[in-house]
Every structure is written in C-alpha cells, then in structure tokens.
Amino acid sequence: MGLEQYAVNTLVELAPVFATFYLVALGHSLFEKAGLLDLAIDGVFFMGSSIAVRAAVASGSPVVGTVVTAIAVMFLGIALAFLMTSLPISHGAIGLSMMFLGYGIGIIVGYPARLEVGSIAMYAYSEGESMAIMAISIAIGVAVHIILKYTKLGASIRACGENPHAAASLGVNVLLTRLIAGAAGFAIMGAGSSFFTLAWQKFWDPKSYTLGYGWLAFTVALTSGRHPMILVPISLIFGGLTFYRVKIGVMYGVEKDVANLVPFIAALIAMLVCYATKLKNILAPPTSLGKVYYREERTV
Amino acid sequence: MRFIVVRRTKPHPYIKPLIIALSLITGMGLVAILLTLIGAHPFAILVTIAYSFTTPQVVKDMLLLTMLGCALLISFKGAVWNVGAEGQLYTAIIPIVWITLYVAPWSAGSPPHQPILIILASITAAAVFGAMWGAVAGALRAYVGIDEVPVTLIMNYVAYYVVNILVLGPFRGRYVYGYIRTDDLPDAYKLGINVVMQRTGNAFLDGFLEFIRVVVYYAYWVLAAALVALLTWVVFNHTTIGLRIKILGSNPEFLRAVGVDVRKTTVMALALSGLLVGVASAIYYLGDLTRLTYPIQAQTAGYGYLAILVVWLSMLELPLIPLSAYIVSSLRNAGRNMQIFGLGGLESTLVLLGSVLLTYSALRFLTEYEVRVVK
Amino acid sequence: MSYEYVVLKEISKKFAGGVKALDKVTIEIRTGEVLALLGENGAGKSTLVKILYGVYSADEGTIYINEKRVDISSPAEAIRHGIVMVSQHPQLIDTLSVAENLALGLKAFNAFTSIKKVSKFISEKSGKFGVKIDPWEKVWRLTYTQKQLVEMIRAMLLNARVVLLDEALTYLPLEEKRKFYKFIKEFTAKGGSAVIITHKIPEALEAADRIAILRRGRLVGIIEGGSARIDDVRKMMFGESAAEITYGKLQASQPGEEAVIETQDLWITGDFGENAVRGVSLRVREGEVVGIAGIVGNGQRELTQALAGLRKVSRGRILIGGRDVTNRGVRVVREMGVGYIPDSPLAFGISIDNSMTENIAALYQRKSMLVNWSEVREVASSLIEAYKIMIPDAGSLIKVLSGGNIMKVIVSKEINYCRRALIAHNPTRALDEVSAIMVRKSIKERAISDGVAVLLVSEDLDEIYQVSDSIYVMNSGKLYGPFPPDEAERSNVEHLMVI
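Residue numbers (my numbering), protein chains in the order written: chain C, 1 to 300; chain X, 1 to 375; chain G, 1 to 499.
Read the hints as simulated data drawn from the structure, not as lab findings. Every value quoted in this text rests on a predicted model; they were computed, and no experiment measured them. Built from N, CA and C at the ideal position, the CB exists for glycine as well. Hints are not guaranteed to be accurate.
Stretch by stretch, here's where chain X covers chain G in the computed footprint (C-beta under 8 Å, at least three residues) [what the hints assert, rightly or not]:
#	stretch
1	149-156
2	304-312
Per label pair, the in silico range of CB-to-CB distance [claimed, not checked]:
#	chain 1	residue 1	chain 2	residue 2	range
3	G	Ser314	X	Leu18	49 to 57 Å
4	G	Met369	X	Met315	50 to 58 Å
5	C	Lys278	G	Lys138	29 to 37 Å
6	G	Ser314	C	Val292	56 to 64 Å
7	C	Val64	X	Phe43	29 to 37 Å
8	C	Val292	G	Tyr247	35 to 43 Å
9	C	Lys278	G	Glu124	33 to 41 Å
10	G	Gln251	C	Lys278	51 to 59 Å
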C-alpha cells in the first residue's frame, strides 16, 4: 500500500470522528460567541447521539436520524438561549442541570431502539459517505465563519457576546440575536452528535454517557478560541488522539484505561498551554460570556 | 402584554421554600411524564417517590450528602464551582486502600490500638488527597485562568481512569474470586456499630426498629457529619478565610482592591472543599464501600454529582444542607426504586436530578427579582 | 410649527431599597427645542430618559408619541420612534469597528449585509455632516470625544427626531462642548428635539430653551431658559438645603516637605495593549491635596489603579512614604495605610451582596485568622453616624441601600481607613450636593489635621478647584503641571484637557 493510499484510508477512517468533534465544537462555539455559556455540552452530546439512533432506527435512514437530531437539539438551544437571556439566572447552573437531564433523557430515548434492534450498524452511514460528511462539516464551518466575520448578523452576535447592554443600546434585539445563535449553534451540535453514533461508533450503549467526549469537544472549542477555522486542525488532533489511542495502546502494550486517560490529560494540558501563554489574548472568550444580562441593573 | 423582570424592592417572605417546593414538584412531574411516555403508570411512579422518603435507606445517603454538601458549600460560597467532588471522592480513597491493605494490614497479632490509629490516619490521608486534588483545579483557575467547571469535570474522568488503573494493577485483590476489585477492608478498620434487633412481627414496629438499627450503625457518620457542619459554620462566621471566600463569591474585584490575594483565596476555597470531600470519602469507604470494583465509572453511586444538587437546593444556606440532603437522598432512593421500569442505577436518578436542578436554576432568580406584567 | 412630539405622563419608578427614583413625573418634549433636565445626583433625570429609551421600564405612567400611546420595551423600539440616547459612558462595543457598531441599529441593512457595504455608506454619510471618521477603526482606539462624536453620528444616521444626551457633554471642556452645541442647534433648527441631562446649572442655562428641574424624583417646575435666574434655579434644585451648598474653595492645607505619593516616569499599559499612561511623574506631599483634572479616558483610571497596586506598571517607579512599591500588589500598598476610592465603585469599592460589616471587615481585619466582629461593628456605627448613612443596621446587605448611600459606605470606609495617603477617583460620584460637599470637607479635614496625602482625580473641574492645593491636568496619558489653583486660569486648564 502506497503512502497516498494510506493517507486516504486514514482520512476516511478519521472523517466521522473529525465531523463529530468539529461540529459539536463549532455549534458550541457559535452559541458561546453570543455570550451564552454552554456547560450542557456533554449531556446534549449524549442526548443527541441517542436521539439520532432512535430516529435512524425508526425511519431506517441515518440522514433522517441526523436531521431529526439537529431539529430536536435546536429547540433545546432555543429554550436555553431564551432562559439565559430573558431571565437573570446563572448560565452555569442551567447548563449543568441540562447536562444531567441530557444524560437521563438520552437513556430514555435510546433504550427502546436498543431493545428493538440488536445492532444499529445497518442504520448507520456507510464508509463511502464519510468523506461527504467531512466535506459538509467543513462547508458549514466556512459558512459560520463568513457570517460571523463579515455580516451584520455576525457583528450582532459578537456584540451580544462582548457587551449585550451596549448592543441593546445600539439597537440590537439581544434576545432575537441570541435565539438565532442558540438555534443555529445547537442544531449544528445536534448534527455533530448524530455522527458519533451513526458514523463513528455505529453502536449505542446507555453507559456511554460516562465517556465524557462532550468535554473533549468543549476543550477543542476552548483551545481554538471558538474560531470556526482554527477548530479544523484542533478537531483533527483531538479526534485522532481519541480514535487511535486504543490502537496505539495495543501497539505499545498499554492498558485500555491508560489509553482512556490520555485524551483527558491532553485536554488539561491543551488548556494549560492556551491559558498560560500569549495565546490567551488571541483565544480570549467573549467578554460577557456567561454573565447575567439584566437591563435594569443599577449604576453608581 | 409583556413580562418584565425587576428587582424586588423588598424581599418576599416565603419565596425560598416556595421555589424549593416548586422545583421538586416540577422535577417529579417531569419524571412522571417522561416515564409515562415510555409506558410506566404515573400513579405508580408517584407512589414510589413518596414511599422512598420514608425508608431507612435514606439515612446513609443523607449523612454522606450532608458532609459532601458542606464540602461543596465552601467552594460554592466563593462562586468557585467545584463539580469535581466525584473525582475527589475516589482519589481520596487511594491512600486509604494503600494504608489499610498494604502499610498496616490487620492480623490477629496486631496491637489493639492499631485500628483507631489506622482509621485516623486514613481520614487524614484522605483529607490531604482530597485537598490536593481540589487545589490542582484551584491553582489552574487562579494562576492560569482556566474555568474550574470543565477542569474539575475533566479531572473526574482522570480520577476514574487512575483508580481503574490502580485496581487493575497494584491494588488488584488476592481474595476476590476472579472479580477485578480490591480486597475487602479488614473488619477491624470498619466504621460501624452493629446491633441485632429482634423481630417483633409487627410491621410498623419492625420498620421503626430497623430505622433505629440503621441510625446506630451509622452513629460515627452522625458524629462526623455534625463535626463537618460545625467546622463549616466556624469557617464562614468567624474566620478571615471564610469571610474572604464569601466576598470572593460576590465580588472578587473588591477582594483584590482591599489587598487580599484572590488567587490564594481561590485555591484555598477549592482545597478546603476537597479536604472535606476527603473526610467524607474516608467515612464512606470505612463505613460502607469497603472496596473498589472495576470499572469504577460503572460502579459509582454519583454522590459527587448529587452533592451539587444538595448545595443548590439549600440555596447555599448551611442550616438547610441537612434538609436538602434528606430530600436528595430520598429522590435518589426513589430513582433506585424505579428500576422496575427498566432503568438501572444512576440513570433514572439523572432525570430526576436534572429536572429538579433545571427548574430550580430557572426559578432561583425569584428570590431577588419579581416578574411583572405590563399591559 | 413646534408641537409636543413626546409626552411622558405620570411616570413613576421604584428601585431596590424602596427608593422612589421617579414620582409621577409629567414632561413633554417639543419639536425644535432643546430641553434641559436639571437636578442633582439621584434626582431621577437619568432614570427618566432611560425609561424613554426603553432601557428601564416604568412602574406606572404612559408615554405618548405624536399623541399615540406607545409601549417602549427596548432601545430598538425607541429607535423606531426616532428616539436615540447618547450616554455619559459611550455605549459602544470596544472590540468592534466603528462601522460594525453603527451597522447594528441600522434598519436599512438586513442581517446578511456585508460590513464592507455598511462602511462605505457610513463614509459617505458622515462626510455630509462635516465629520471625518474611519469606519474601519476599532472603537477602543478612539478618544472619549471621538466616541461621543460617533454616538452623535449614529443618532443622525438613525434619523433621530429626539436625541437624549445623558450627561454626554457635561464633562467635555468648553471648546469641545461648543462644537457639539452647534451641531445640536442645527439639528433642532430642522425640527429635531434635544434633551440635555445635566446637574450643572450654567450648562442648562446656556444651552436650553426650556429647563425642567427635578428633585428627589419629583418635577419641581419647568422654566423658560431665557428668563431663568441662577438663584431661582438653585432654590428649585436644592430646596431648603440650597444654603448649605457652596462651591467656594475650601481652606488650604500646609503641606509638609516629604513626598508621600511619588511617581517617576510612570508608563502603564491599558486594557487593549495601548500606552494609557505615558511618563507620568508627580509628587503628593504630606497633608497636601493634589487634584488631577482631565476628560474621562485619558489614563486617569489606569494611573489610580496602578497607584493602588491593582494594575501593573510597565516602566517607572511608584514610591509611597519613600518605599518602592512598584508592582508589589495591593496588599503592600494597603498595609501602608493607603485608602482607595476607585473609579468603578461597584466593582472595586464594595461587594453589594455582603453586609456593611463584612465589607469593612475585609478591609480592616487583615492580621489575624479570626475576625474581631465587635471591633468591626464599632467602626461601622461610627461611620453610619458621621456620614448620615441610611441603613437599617450595620449587618444589612449593601444591596438594599440606595445608590447614594452605597457610595457613602464606600467613601467613608476608605477615608476612615487611610492613615498615610488617599487615592480618590471621582469620590463624589452619585452623591447629592450636600453629601458631596460633606465628603470633600472630610477629605480635606484628613489632609489638614492628620497629614494624609490626597490624590484627587476628578472629571468635575469645580470639584478639583474646590479641594486642591495643587492641580495637574491629564491628557492622552501625559501629565501637565503642577499649577497653583489661584493662578491657574480655568480656560487654560480646559485647554490643556483637549489639546
């Protein structure tokens, strides 16, 4: 096998992993760009991957699985964006609660599908579709990048993340803008999470909520400064690390749990590198990320 | 017509209990609806939940969650969100296993004062480990600026896998019949007072006696929980570090402006929190768990996460922690009792946990704000 | 023909702590007029315009525009009715470009319009108003005056019919102010209306066609600008306490020889990496009050923060009591007995979710592991008495107090804490005039009788002149002076503020 062929094989193998991490991190980033803190990510990730299985099994089509998941998760994003913007409540508390609820709902939604069919492999995407998934993912990323950077909508989203009070005063409808970012962001996250079960694992297990891959996607977003294009290489790195760790482990005779440990240690190190160096200024989160937006706040 | 949210000009007298009650009702309602959708009978669910508030199983959980609640309260008051109690709980067990099984294993010839020394050493070592695990997250937040929520959460996974590696390797038991787990804690080191109760045949009386037996068995836990709560009270009401943590929680910039090292205070908050988790962990291991089984993430009872619910539900008020712990342990108990619906272990609890927390987080603003209708 | 474009009818608003910020205020805004809302701090002027701009919601009352009842639920809504506000603190997003900021409110452009197109539009339009702004410039690079100019341009681009200027011009020097007034006159001549919010009587008299005077949330009266006499206005504004209010210079102190606060060629980096303070050298001697005048945003905040130890210095030295404290942090400075009244009082001055005693304890109890609460309570009750702080008791949470009383807690605990030096940045912000004068007097008192060295930074030139023994002017990070206040002409000082 030539080097070229090897590279192609690797890419095909890695494409679903990449698409999962990339889209989940991308949607999460878009959500946070609008100043909405997303700590629900891991629960939403698991829930999305379960909805995808249920919908794919029910319809017989993985595409339906992805679309249904994107729509379902989109409504969740709208709900979260609404709560976090219109009420003076803690984004963190809402997000963490949603994480737990996401785990629970994920199990409830996914379980019947597992009882119904022994394996979900026949409802999943085929290997031939991997490259298409990857291409579409990147296309979505490019679109998000262009909108964020070059349009009025993008400026509005960034304004809401930097200083929603000033944004409102300038005439931005903060709630509407955040609902849009919430809907689009979570829809993208939902699509990404569907690829976890339908393209990458081709397997669903209720215990997989303990995997914590959502937090790896969180790390990807954080260490990319929530930038749609920087997300590409970082997603590849983390995707590769997560995907190949077991193989590499076997190759070097390392225990499975040591291999499992690696991505999480890598996540901590990556965060450390980003925050301890000059990168911190470039990758800085939006100024008002996670801050309560309450218009009638007093001033002295 | 539209709704506007404004700050209350004066506090509402019953709002706090009202929010707590509403959260519980909404949470349970949501669970009932979800489980009904997958075929359970709503009435059966509610009966199960109600029944779960009255069984002796809640005693243990309530005591443990009171301790963990106090531990998390220390960091939460400082708006440092230690969601890593789960990991701290298990890492703190590592030195206990080492001490009780390898450093000073019990044998017939051991001196009679050895158990008390070993138990104290175990508690101390667990406290130190818990504190260190917390301090790492504290230092990352304080000196590097990384949000402690993802860090403590990611560290939970690290804790799981580290404990797994130890159980698979150096800590793997010799007397475990092919199971992958550590050897049992020697009986001499166990914290618990066993009394045998005669059955009377009267169901009500027997139920009551069972309660007594359980409470007596956990007498050490009662003592430990009381001490932990007292310590927490002293910290917040009489020490400068407690005062500083409270101000850290409301306005860290002011804390900095009066010349207090905000970073040190942050690390202290997480270290103290981890320290108390360690103490709770030792009590839990010595009195109940007594061994670690592989893989730990599939065995965990999720106490570290339940404790978050305890603290939030207490509205960060120390006197309400035991009550909140009681409610949460009963709910967890209910989750366990609902396994008949095909949902096992922690999973069913998760929905309950999530929906109560979500409602609570969404309503909590009502303590300081009110909603007005504008026509 | 002039007619009543906006009518605010019986507007009431209550804030936390039960303070009635507005009590049944009825005011109309006519086309083609400049209306001044005059009143001291806490009179309710700002609350009123924030209600009209949809930032706050009124508890009671109605708003009519062109005789139609309207519900203004957001600034976007207000803009739709042709109402635009310009605040004292520019409400622009620093990290965005001028064009991006302006694009946000412009209805002519849809969500997917490219910023490039907007920039072009802005360049063309602003040229018509005779103003040159670079639409691609990031807002944080602009000076305070430029930012206010951008806000004015914004109002014009939005086709404003009513412009609300919430202390937007108050702290600009006369020269700059005149340019803005000219702009406003042209605007009202074409039928627009301008509402100027101010607490300075001369400003209201000079600029307004009509003056509406507010006191403690109530409308005291409306008078014609041309016929108003300053003494009558004063009486309406301050009521029975008018007699206590003086802008006369306070007793001068006899400074010692030794410098207590000294900086040598100080350079400080601002929030965006720019040089906010450039080579500042100053000396404040024992018992001396040194005032620094300047328009907001010229490096004063960075300078005072650095002196308090809150901000890193990139070059130069800070000496306090002869000891080098450069970049040694806040603790060292505080332990030397330095009081600090910060520019953003709610951030660095107090924690409103804690009680007054806890706030005091945090500053005063620094030595032992345990808090001596009886000592703290003693300090608290003496401050409550001395500064007439309206608080249920010392254990009450700060957030139940009114803005003015919060400021009194902040200021009093610092003035009482300082033994050697006091760094005071806008110490009378949000205080009513009587309290403001009391605070200025007690600052001066500490300087004269205890030899405390005071560095007073204020945007209010009246305040600087009233208290200072020596005056500097800060502009673009550079310090000019010192000038003795008796010799320094006000117009010269103002000129230095803008050159």
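Here is what the structure says about each hint:
Beta-carbon proximity to chain X at under 8 Å applies to 0 residues in the stretch 149-156 of chain G; the threshold of 3 is not reached and the given coverage is violated. For the stretch 304-312 of chain G, the stated coverage by chain X holds: 3 residues have a C-beta nearer than 8 Å to a C-beta of that chain, and at least 3 were required. Checked against the hint of 49 to 57 Å, the C-beta distance between G/Ser314 and X/Leu18 comes to roughly 54 Å, which is consistent with it. Between G/Met369 and X/Met315 the C-beta distance comes to about 28 Å, which lies outside the given range of 50 to 58 Å.
Between C/Lys278 and G/Lys138 the C-beta distance comes to about 20 Å, which lies outside the given range of 29 to 37 Å. As the Cβ distance of G/Ser314 to C/Val292 is approximately 34 Å, the hint placing it in 56 to 64 Å is violated. The given range of 29 to 37 Å is respected by C/Val64 and X/Phe43, whose C-beta atoms sit roughly 35 Å from each other. Checking the proposed 35 to 43 Å range against C/Val292 and G/Tyr247 shows it holds: the Cβ atoms sit about 40 Å from each other.
Distance hint for C/Lys278 and G/Glu124: a CB-CB separation of about 39 Å, consistent with the stated range 33 to 41 Å. Checked against the given bound of 51 to 59 Å, the beta carbons of G/Gln251 and C/Lys278, roughly 52 Å apart, stay inside it.
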